[in-house]
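Engineer: Position one of the sequence shown corresponds to residue 844 (the working numbering), numbered consecutively onward.
Calculated directly from the structure, the hints in this document are not laboratory data.
Keep in mind that the hints are not guaranteed to be accurate.
Here are the computed distance ranges between Cβ atoms for each label pair [to be verified]:
no. : residue 1 : residue 2 : range
1   : Asp-973   : Ala-1002  : 16 to 26 Å
2   : Glu-960   : Glu-1049  : 37 to 47 Å
3   : Phe-915   : Pro-1007  : 22 to 32 Å
Here are the simulated DSS-like pairs of lysine-lysine, each with C-alpha atoms no more than 30 Å apart in a straight line [as the list claims (entries may be wrong)]:
no. : residue 1 : residue 2
4   : Lys-980   : Lys-1017
5   : Lys-933   : Lys-1017
6   : Lys-1008  : Lys-980
7   : Lys-980   : Lys-955
8   : Lys-933   : Lys-955
9   : Lys-1017  : Lys-955
10  : Lys-933   : Lys-1008
11  : Lys-943   : Lys-955
Beta carbons: idealized from backbone N, C-alpha and C, even for Gly.
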Amino acid sequence: MPVPKPVSVKICGLTEPLSLHAAVAGGARYVGFVFYPPSPRSIAPSMGAELARLVPTGVRTVGLFVDPENDFLEHVVSQVPFDLIQLHGKETPRRIAEVKAAFNIPVMKAIKVGGSEDLAAALEAAEVADRLLFDAKPPAKVSALPGGNGIAFDWTLLAGRSWPKPWMLSGGLKPENAAEAVRTTGATALDVSSGVEDRPGHKDPELIRRFLNSVAGL
844 MPVPKPVSVK
854 ICGLTEPLSL
864 HAAVAGGARY
874 VGFVFYPPSP
884 RSIAPSMGAE
894 LARLVPTGVR
904 TVGLFVDPEN
914 DFLEHVVSQV
924 PFDLIQLHGK
934 ETPRRIAEVK
944 AAFNIPVMKA
954 IKVGGSEDLA
964 AALEAAEVAD
974 RLLFDAKPPA
984 KVSALPGGNG
994 IAFDWTLLAG
1004 RSWPKPWMLS
1014 GGLKPENAAE
1024 AVRTTGATAL
1034 DVSSGVEDRP
1044 GHKDPELIRR
1054 FLNSVAGL
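Build out the structure end to end from the sequences listed, making use of the hints.
Structural biologist: Set out below in structure tokens:
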């Protein structure tokens, strides 16, 4: 039997050095920085650059954007080195291809899942994206963010499915349910944000440690 791969974790929405250090020390493979002003996790490019300098070799940096224009991407990318751009809005496959061509950085596309009918978008995005991320579809209210709302979708929708590109699971993950999420979906990578916060936009180093420990032995 093949040996299961260890679960990789991305701690997203980091805003200051203390939580970044907790993520790195705990074994996170990815650290994410948000560049979307409506989010309480959004940071300025100057802070992103400062945090990126603290990321050791072997840990990948991810920049999260929501329907960004090229001018804004250029403004951020010129200051912050990224291993991966995460597009978390309504970007089409054509737009994904444009971003890849313009910036020569791999792209991960978020797929918002509310039901099985939403999974078709993953196959379309996979034709051009380098990675996929399955997240819960935002609640239908004006104040809802594109992600980081702390809600999960029906994980059984992914059970037994395979995808043409590497993928991450996101949405409603926390230390108490991360192992269950892995067992249900078969995910080998998890993306957590609000589930390791003690208040919106503020990461708790202890919750980060607990989350990473919860999947360390899987």
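Engineer: Work down the list of hints and note, for each, if the structure agrees.
Structural biologist: Now for the hints, and whether the structure bears them out:
Range check, Asp-973 to Ala-1002: about 24 Å between beta-carbon atoms, so the 16 to 26 Å window is met. Taking the beta carbon of each, Glu-960 and Glu-1049 are about 39 Å apart, inside 37 to 47 Å as hinted. Range check, Phe-915 to Pro-1007: Cβ separation about 29 Å, and the 22 to 32 Å hint holds. Our distance criterion of 30 Å between C-alpha atoms is met by Lys-980 and Lys-1017, whose separation comes to about 17 Å.
For the suggested pair Lys-933 and Lys-1017, the alpha carbons sit about 26 Å apart, so the restraint of at most 30 Å is met. The suggested pairing of Lys-1008 with Lys-980 holds, with an alpha-carbon distance near 21 Å, which does not exceed 30 Å. Under the criterion of a C-alpha separation no larger than 30 Å, the hint pairing Lys-980 with Lys-955 is consistent with the structure, at around 4 Å. Note on Lys-933 and Lys-955: the hinted pairing holds, with a Cα-Cα distance of about 9 Å set against a maximum of 30 Å.
Straight-line distance between C-alpha atoms of Lys-1017 and Lys-955 comes to about 19 Å, which keeps the hinted pair within the 30 Å bound. In summary, the hint linking Lys-933 to Lys-1008 is supported, as the alpha carbons are separated by about 19 Å, within the 30 Å threshold. At roughly 21 Å between alpha-carbon atoms, Lys-943 and Lys-955 fall within 30 Å of each other, so this suggested pair holds.
Going down the numbered hints, you'll see the structure goes against none, and every one checks out.
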